[in-house]
Amino acid sequence: MEETNPLSFAGLRESISNAILDGWLRILNFLPRFLACLVVILVGLLVAYVLRWAIVQVLNAIRLEVLVERVHLSEILKKMNLKKSVSELIGELVKWVVIIVFLIPAMETLGLARVGDVLNQVLGYLPNVVVAGFLVLVGIIVADVLAGLVKAMALTLGTNTANILASLTKYAIYTFVGLSALVELGIATNLLLSAFTGVIAMIAIAGGLAFGLGGKDAAAELIKKVKEDFSKKQ
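Count along the sequence shown from 1, then add 41; that gives the number in the working numbering.
Wrong hints could be hidden among the right ones.
What the hints assert, rightly or not - With a straight-line cut-off of 20 angstroms between C-alpha atoms, the simulated EDC-like cross-links for lysine to aspartate or glutamate are:
(1) K124 / E106
(2) K125 / E106
(3) K125 / E110
(4) K124 / E110
(5) K211 / D185
Stated by the list, open to error - For each label pair, taking beta carbons as the anchor points, the in silico distance ranges come out as:
(6) Y166 / L76: 42 to 50 angstroms
(7) R67 / F175: 47 to 55 angstroms
(8) L164 / E106: 22 to 30 angstroms
(9) T197 / I141: 28 to 36 angstroms
(10) A193 / Y166: 51 to 59 angstroms
(11) N204 / V142: 44 to 52 angstroms
(12) E129 / L187: 24 to 32 angstroms
(13) G227 / L69: 44 to 52 angstroms
(14) N70 / V135: 31 to 39 angstroms
(15) V142 / V99: 32 to 40 angstroms
None of these hints come from the bench; they were simulated from the model.
Note that the Cβ used here is the ideal one computed from N, Cα and C, for glycine as well.
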């Protein structure tokens with residue numbers, strides 16, 4: 042019968058003890074960083090929600106929604122299936138910006154530098170998103186106003202293509218604004234500029250044909266009237 046080597050058991054016991062001790066030391070070293078990360082995140086959430094509440098209150102106090110109603114922006118938001126008010130949307134944007142700002146040092150505290158770099162890139166990209174969104178909203182308002190003006194002018198001229206011209210105007214502006222927003226976001230800039238040139242050319246040709254075909258009768262009447270006035274003066 043083989044004898045058991047007490048040294049092998051002692052070595053095994055020492056290895057297990059060292060592994061357990063090393064694990065506890067790692068946990069103890071990680072714990073302060075984890076707690077610091079947790080504190081930063083909690084403070085960030087607190088600041089974010091307080092700022093969101095404060096901004097919504099201030100915007101409501103200065104009656105921002107009244108201005109929104111005047112420019113028909115609330116109707117546009119409803120079409121986009123956005124149930125929040127403009128004040129709440131601005132508050133939400135500020136809230137998430139603050140959360141991202143606090144998440145960056147929180148991730149760096151845990152040694153997750155790459156995650157912090159990604160969040161930095163997201164934070165740097167946010168202004169482009171805001172500008173693009175602003176362009177879209179303003180473009181929709183301008184498109185509706187100009188389409189109404191074109192329709193009124195076309196009806197004054199007596200053309201039967203007023204609705205077509207108004208629609209062409211509206212969708213031309215929609216196209217321009219949409220492409221401008223995508224360029225602002227840095228999405229396929231060169232390709233979009235080429236496509237934009239082609240679309241505008243097609244819309245111009247279509248608009249010219251529509252106005253020419255629909256307004257030829259009005260133009261003929263105008264020329265006839267000028268001739269009659271000239272004949273009377275003779």
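Status of each hint after checking the structure:
1. K124 / E106: holds, 14 angstroms
2. K125 / E106: OK: K125 and E106 at ~11 angstroms, within 20 angstroms.
3. K125 / E110: Satisfied, since the Cα-Cα distance of roughly 14 angstroms is no more than 20 angstroms.
4. K124 / E110: OK: K124 and E110 at ~15 angstroms, within 20 angstroms.
5. K211 / D185: holds, 6 angstroms
6. Y166 / L76: 42 to 50 angstroms: Because 31 angstroms falls outside the window, the suggested range is violated.
7. R67 / F175: 47 to 55 angstroms: holds, 49 angstroms
8. L164 / E106: 22 to 30 angstroms: Holds, since L164 and E106 (Cβ atoms, about 29 angstroms apart) stay within the stated range.
9. T197 / I141: 28 to 36 angstroms: About 52 angstroms separates the Cβ atoms of T197 and I141, which means 28 to 36 angstroms is violated.
10. A193 / Y166: 51 to 59 angstroms: For Y166 against A193, whose Cβ atoms are near 41 angstroms apart, the range 51 to 59 angstroms is violated.
11. N204 / V142: 44 to 52 angstroms: For N204 and V142 the Cβ distance comes to about 49 angstroms; the hint holds.
12. E129 / L187: 24 to 32 angstroms: The hinted range 24 to 32 angstroms holds for E129 and L187, with Cβ atoms some 29 angstroms apart.
13. G227 / L69: 44 to 52 angstroms: At roughly 46 angstroms between Cβ atoms, L69 and G227 fall inside 44 to 52 angstroms, so the hint holds.
14. N70 / V135: 31 to 39 angstroms: Taking Cβ atoms as reference, N70 and V135 lie about 36 angstroms apart, which means the hint holds.
15. V142 / V99: 32 to 40 angstroms: Cβ of V142 to Cβ of V99: about 20 angstroms, so the range 32 to 40 angstroms is violated.
The structure fails to meet hints 6, 9, 10, 15 from the earlier list, while all remaining hints are met.
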